[in-house]
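Since chain A is already given, all that's left is putting chain B on it; use the hints.
Protein chains: 2
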Amino acid sequence: MPKPQKHVFVCAQARPPGHPRGSCAQLGCAQVLQTFAQQFEQGQLYGQFALTSTGCLGACDQGPTVIVYPDAVMYAKVKPEDVAEIVSGHLKEGAPVERLLAPAAVWG
Amino acid sequence: MPKPQKHVFVCAQARPPGHPRGSCAQLGCAQVLQTFAQQFEQGQLYGQFALTSTGCLGACDQGPTVIVYPDAVMYAKVKPEDVAEIVSGHLKEGAPVERLLAPAAVWG
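Quick note, the sequences are listed as chains A and B, same order.
Residues in the first sequence are numbered from 0 upward in steps of one, following numbering that gives the first Met the number 0.
Residues in the second sequence are numbered from 0 upward in steps of one, following numbering that gives the first Met the number 0.
Looking at chain A on its own, in the form it has when it is part of the complex:
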């Protein structure tokens, strides 16, 4: 792929039911990743931006977590219905979505 203008990383870490850390998988990250993929495809954004699933991003109680580089912005508790705002506001217009930012104690 060409070097993307922005690269979206979506935590896809799973853990067994009952694991004390929980996981982004348990919190619905598959639907978040799927929604990004759909919007990238529908908007023909793959040449401009990249989308990659990851192992644990470390903020398991804040999941589903999403990091956008090179801006080094982490979003927390992202829902599928938040994805359009990240795509339009942050990726396309360059303004991180303030209401979804991870707390500074987690990523600051």
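Rather than coming from a laboratory, the hints here were simulated on the basis of the structure.
Check each hint, because a few of them may be wrong.
Because identical chains cannot be distinguished in the list, a pair is counted as satisfied if it fits within a single copy or across any two copies.
As the list claims (entries may be wrong) - 20 Å max Cα-Cα, derived EDC-like pairs, lysine to aspartate or glutamate:
#1 Lys-2 <-> Glu-92
#2 Lys-2 <-> Asp-70
#3 Lys-2 <-> Glu-84
#4 Lys-78 <-> Asp-60
For chain B alone, coordinates are given in the frame of chain A:
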């Protein structure tokens, strides 16, 4: 985790034997990831830098691939014995390791 100064992403994508795209797993990415993890632990680097495995980064014939953000540098065909140079040269001293850079046709 605190926001890292640099964030190392190592492709950990696997595919079944004989798959036409191959994969970074087939090319030895597990040993590369493991070597980064060992050096992060031994050097107590986890507070400063982050290390995350990923799904496919798209350059399957250039694997194992590694991307360092926020610099947006992709390394190709990384071997475990290359990791120390990336850690010391790039992460600590800020100078990407030229000889390991992915070709511009792949990430340019």
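Review point. Is it within, between, both or neither when you check Lys-2 against Glu-84 at 20 Å Cα-Cα?
Key: Answer is neither; intra-copy 23 Å and inter-copy 23 Å both fail.
Review point. 20 Å Cα cut-off: does Lys-2 pair with Asp-70 within a copy, between copies, both or neither?
Key: Both. Shortest intra-copy (14 Å) and inter-copy (11 Å) distances satisfy the 20 Å Cα cut-off.
Review point. When no copy is named, should Lys-2 and Glu-92 be tagged within, between, both, or neither for a Cα gap of at most 20 Å?
Key: Intra 18 Å, inter 23 Å, cutoff 20 Å: intra-copy only.
Review point. Checking Lys-78 and Asp-60: alpha-carbon separation at most 20 Å within a copy, between copies, both or neither?
Key: within (14 Å within a copy, 34 Å between copies)
In the structure shown, a violation is registered for the earlier hint numbered 3 alone.
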